[in-house]
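There are 4 protein chains.
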Amino acid sequence: SDILCAQDYEALAAHFLPATHHAYIAGGSGFEATLRANREAFERVQILPRLLRDVTTGHTRLTLLGQSLHHPILLAPLAFQALAHPRGELDSARAAEATDTCLVASTLSSWPLEDIAREGCVEKWFQLYFQPMRDSTLDLVQRAEAAGYRALVVTLDAAVQRPSLRAQRAGFRMPDTVRPGNLIHHATPPPVELERGQSRIFQGLMREAPTWDDLDWLMRHTRLPVIVKGVLRADDALALKAAGVAGIIVSNHGGRALDGVPASLDALPAVRAAVGADYPVLLDSGVRAGSDVFKALVLGADAVLVGRLQVFALAVAGALGVAHMLKLLREELELCMALAGCATLPEITADCVTHRHA
Amino acid sequence: SDILCAQDYEALAAHFLPATHHAYIAGGSGFEATLRANREAFERVQILPRLLRDVTTGHTRLTLLGQSLHHPILLAPLAFQALAHPRGELDSARAAEATDTCLVASTLSSWPLEDIAREGCVEKWFQLYFQPMRDSTLDLVQRAEAAGYRALVVTLDAAVQRPSLRAQRAGFRMPDTVRPGNLIHHATPPPVELERGQSRIFQGLMREAPTWDDLDWLMRHTRLPVIVKGVLRADDALALKAAGVAGIIVSNHGGRALDGVPASLDALPAVRAAVGADYPVLLDSGVRAGSDVFKALVLGADAVLVGRLQVFALAVAGALGVAHMLKLLREELELCMALAGCATLPEITADCVTHRHA
Amino acid sequence: SDILCAQDYEALAAHFLPATHHAYIAGGSGFEATLRANREAFERVQILPRLLRDVTTGHTRLTLLGQSLHHPILLAPLAFQALAHPRGELDSARAAEATDTCLVASTLSSWPLEDIAREGCVEKWFQLYFQPMRDSTLDLVQRAEAAGYRALVVTLDAAVQRPSLRAQRAGFRMPDTVRPGNLIHHATPPPVELERGQSRIFQGLMREAPTWDDLDWLMRHTRLPVIVKGVLRADDALALKAAGVAGIIVSNHGGRALDGVPASLDALPAVRAAVGADYPVLLDSGVRAGSDVFKALVLGADAVLVGRLQVFALAVAGALGVAHMLKLLREELELCMALAGCATLPEITADCVTHRHA
Amino acid sequence: SDILCAQDYEALAAHFLPATHHAYIAGGSGFEATLRANREAFERVQILPRLLRDVTTGHTRLTLLGQSLHHPILLAPLAFQALAHPRGELDSARAAEATDTCLVASTLSSWPLEDIAREGCVEKWFQLYFQPMRDSTLDLVQRAEAAGYRALVVTLDAAVQRPSLRAQRAGFRMPDTVRPGNLIHHATPPPVELERGQSRIFQGLMREAPTWDDLDWLMRHTRLPVIVKGVLRADDALALKAAGVAGIIVSNHGGRALDGVPASLDALPAVRAAVGADYPVLLDSGVRAGSDVFKALVLGADAVLVGRLQVFALAVAGALGVAHMLKLLREELELCMALAGCATLPEITADCVTHRHA
Ligand SMILES: Cc1cc2nc3c(=O)[nH]c(=O)nc-3n(C[C@H](O)[C@H](O)[C@H](O)COP(=O)(O)O)c2cc1C
Ligand SMILES: Cc1cc2nc3c(=O)[nH]c(=O)nc-3n(C[C@H](O)[C@H](O)[C@H](O)COP(=O)(O)O)c2cc1C
Ligand SMILES: Cc1cc2nc3c(=O)[nH]c(=O)nc-3n(C[C@H](O)[C@H](O)[C@H](O)COP(=O)(O)O)c2cc1C
Ligand SMILES: Cc1cc2nc3c(=O)[nH]c(=O)nc-3n(C[C@H](O)[C@H](O)[C@H](O)COP(=O)(O)O)c2cc1C
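Residue numbers (our numbering), protein chains in the order written: chain A, 1 to 358; chain B, 1 to 358; chain C, 1 to 358; chain D, 1 to 358.
By construction, these hints were calculated from the structure, which means they are not laboratory data. One thing to keep in mind: the hints can contain errors.
No copy labels: a pair is met if it fits in one copy or bridges any two.
What the hints assert, rightly or not - With a cut-off of at most 20 Å between alpha-carbon atoms, the simulated EDC-like pairs for lysine to aspartate or glutamate come out as follows:
no.	residue 1	residue 2
1	K327	D100
2	K241	E40
3	K241	E208
4	K241	D216
5	K241	E145
6	K327	D214
7	K327	D135
8	K241	E331
9	K241	E10
All chains should be built: construct the whole structure from the sequences, respecting the hints.
Structure (structure tokens):
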């Protein structure tokens, strides 16, 4: 096989996807400064191996939000996976099940959340986008609870949802056949009408963006733990913890939200320092190898999520591809742990890395 | 349309301009070190978005020199806009009017300042180059006052006015049809004659360069507020404030004055620190996107001016191009504000950015 | 000749080796981040020459582990040198003998250690990989002692032994004719059988990785000094010294072990600081010129080893090539010493270098 | 003309010189790390212009070693200028005379020092290489004194005199017609015979390298001030000052001596700090523009020397070329001074520059 490491799915996917779809999936917003920053941040960190440790009892298990996971690699929520493969999220779920991986299903999945749940994956969370109307939001929450999802991941960095410049330049249009499986029966709210002098951004787009009140309301209307995705600031992290949020995901949406924000990995240490050692902090954006997972864990993450690797592997070989990618990624992580003398995740401490000289 | 963001006018303009004209407009002086530095400075700054803020009452209004502006993006003074479009400054003025933008008309405009003023743009300032003879300078000042310009922008970093190496290598010569509309009736002073041993620079070129005395004289001869353009040093900024100048523009002339000076953005924080929070400080040089405007505001600017984007948009589509560019730029700024949780300009504070790791 | 400096063998070797073999030898593990880092680290260091010193009594002699060496450049242990030249390690040994160089023979040499020893090289050490079974390890140790090797170099950073991605992509397979000359009579241990849920890394691969106990056992079963190769951490270095190890080699296996670890040269100063001035510390990884040797010595190494240069020179011209390369390398070192005013190795002090500005 | 700035002679010269000669002149030693570093150092420094200063009485005069110079740009000693132009050093001297420039004639000039002196250049120094035999050295010194040279520049960083790798690879050989005009009547000393075990560097090459004793001897045998060229260390600078040397030149021989040493410009500040404000310190290596001269002066140099620019201009247009290049360079310097508000050299102070962000 041509696939020697998890990242190989990235290059290979370009041959399995129409150029338009590839641009949509691979691209980042704006000038892709954040997309590049995500990778550069990982490349600046270097691993300091420890010699002669006995790691033969080693494993990667952890407990997160009271749930026990086999390993700290989760499948990030990704919209419209039917773009990459007809079975889309169904295959991702099947791969998750086969590899003991926790899946996060997107509000904008091409298949309904109930169908995804039926693929049998035990560990699964539901990623929630606030809907223009609270009823719709509540409907999603209740369906997720009913289908057995164990946590809600509320994504807050995506007030703007538009294909990237790269995707637009490549001529990407969402195919008619790809639909938001969870939302097809939701009523479409009337479009916002702007008065003269009003801003398309402030009075238009942002009218539907959730606020602290909405988050509060949500927590009062679900029994599931609520995790917030898209945090980059220490003060936001602290405020979310204080507000009763169960955990956070340091993320810049894989460079797809506001271009020009820092790499997640660069934002991580300050966030971890703010919330303390015991609060659940996950990270995504830029993870392409097991060594990246290791670095994120050293710098303060309890676990990571993989976005593009997942959809690239899906495009290449469906459920098998995703499962294989996850197996590779996990073994790459284990190898880093083994060579750094870390038998378990808590042994991955700050002294396991250093920073590259400039 | 191919124009998805304001910066797209930059690439597109190359197809709308003769190569010689493009070289003249796009180029910077010398080896273009400062031209590059301007962009690199913006790229080193990263935005830290804030979550969950309610910005639905947001707007971009500000008061500058007692004048209220709709937004903090001004049209920089650009000589000879007829190079880019036959209607040149007339079209820029029309676009300014249509988009509530403050225009700064150049001494070296291809159309007379009175014609530009007649396009109806309410907010307008006049950029003044000191003339070899005080009478000529005074004539310009009085015409600007009479035509309704509300401030004088005195540009001080352009003692040398010569097409860049890039322009000269491209074979650029100013077409005979492009004339300095404001100066055609001015008498040409006799050329400076150098004695043996004298320097073409010190005793030649610099004989006409304005000094503190000239600036003083100017302020005594106008009722308009005087703004100085081309400041890069904190001590100069402080001295200008002390001398009664109404505000300053941190600028390196878009990399067209002395090559090798720092990026304006890098010079900004020290200047702001020197003059204090309440003194009007604007910035230009290198602004290509709304996120750049946001970054400049975080680092201490009250507003910014756009030079090349303006003339590129003018070249592509005249008044419509400039208006469209300004609309895009403003929305890009608003989006940064919204995602950074800033409903108004004063909420754009230092903690909204961080610096990229080297 | 086309060979003007030692590093010229690097480029030339590409013409003398099949592409597959070249990929195997030249490549580094993973994305080759460490391979690149090794070179970048040397390039960041600058030499500060001293003027007017009399160095006419200069020489490069040193005493290491009680043995006197003519110069501080050793031949690193390299597996399977028959890939580069039919006579492989035999020719390297002959070159070592001719140039007063200390040779380190690999456990995985293509020729038996006894044959190598018979080439007459006086200074020679044996590089030991722990074998799956202690009997095999002991057999190697005793044969090395009997053959006159004067030290054991235990390599600890290569728990994973697999051709690099570059080699695999180039289609490299070990030719059937190239065999581990020292191990052909060793029994192959039964493959590790994993139980369900066990990790191929932790419970598989790492089961055979040596631990502190194994190192202890080794030191009790040999009368040779034991040197550990593959150290990158100051705490490991200190622990090894405390455990009775005779010396260490700061090395990342030439970027062939875990990808993403720091350059050896960057790791060196902290290691030296930890173990004190008198403890034997060697370095390899990235040495391509005499100036690199000089820099390593300034930053704390007593001597260096050359890996790829050796096998490249071997590929180009066998024993003659290796001898010529060593002669060039040594003269390059002497020239640095002479121009830096260092007549002997102890005069190579910290003030002989500075670090390049970023 | 195609020549718009002094540096343009660099690119143009490639068309006027045989490829071999160009490689010899343009190249640096080794991997050209120092050659590159020289330019990078200048590019890291940024000029901070001052506004509104009256510089109409400005000039560039200075007093150096009791001699008054019109400007702080000297012609560096360059061997074998007949490679670039048949009249070689004669034309350089004529250009020096025409532009009030101080010339430094090389020991290895293709024309005898007396012929060069006869071209009429008033300000001239003689660059001395110590010869294998003291008689030869003394002969050179006495001829230089007799011919009216006003200082001796002793170059100490060139113990190794060999065409660079670049030159050798290009196939450069010194043409038979190009001879060391000053040395043709000198006896050639017998070649050094090495004993077995002796080093070609320490006991060979370095036997003829001057030491502190030789420098002492020289100062006792000349009435000219002695300047040392090739200093990069503060401690050497201080020792030279203490030994009675009249001034020093911070130089790395334009990247042609030991490769891997720092840029002269990076070494300058520490050297200046060590010797104090009043001691004559010059700089060369990497100067390509008037702004470089300005930067060197800010960072501590009293004057600079130009090497390659001189020989490139010579290749392009003989005496006229060199004179034109010097005129451009000087005007470029004056322009920097004027825009930085410095009317005279002493006004060029540390606050006139800043360092580029990394
Ligand atoms: C094609 C695509 C679709 C995505 N859709 C969603 C989504 O629906 N909800 C969400 O919270 N994040 C979404 N993301 C962001 C991912 O959850 C994740 O933050 C990001 O992909 C991580 O960066 P990586 O791709 O470098 O691993 C999407 C990302 C991609 C690439
Ligand atoms: C073609 C061109 C002409 C210019 N003419 C003037 C001018 O007449 N007066 C002036 O003060 N600045 C002039 N400038 C400088 C601009 O006002 C402004 O400082 C600069 O363009 C800002 O940098 P930017 O182009 O990167 O936005 C000119 C700039 C350009 C590109
Ligand atoms: C082809 C090859 C084979 C190697 N085999 C061994 C080996 O058998 N044992 C060992 O300890 N190191 C081995 N190494 C690592 C070298 O000993 C040394 O650490 C490395 O080559 C130094 O880096 P350099 O190649 O940049 O000089 C090998 C390296 C190469 C390139
Ligand atoms: C072709 C060439 C020949 C040189 N010959 C001499 C020489 O004979 N004596 C000497 O002291 N320096 C010599 N140098 C060094 C110059 O004096 C000077 O230090 C160097 O060229 C400055 O760097 P630049 O070329 O970047 O200006 C030579 C340099 C070049 C390029």
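Original post:
Which hint numbers doesn't this structure obey?
Top reply: Failing hints, ascending: 2, 3, 5, 6, 7, 8 and 9.
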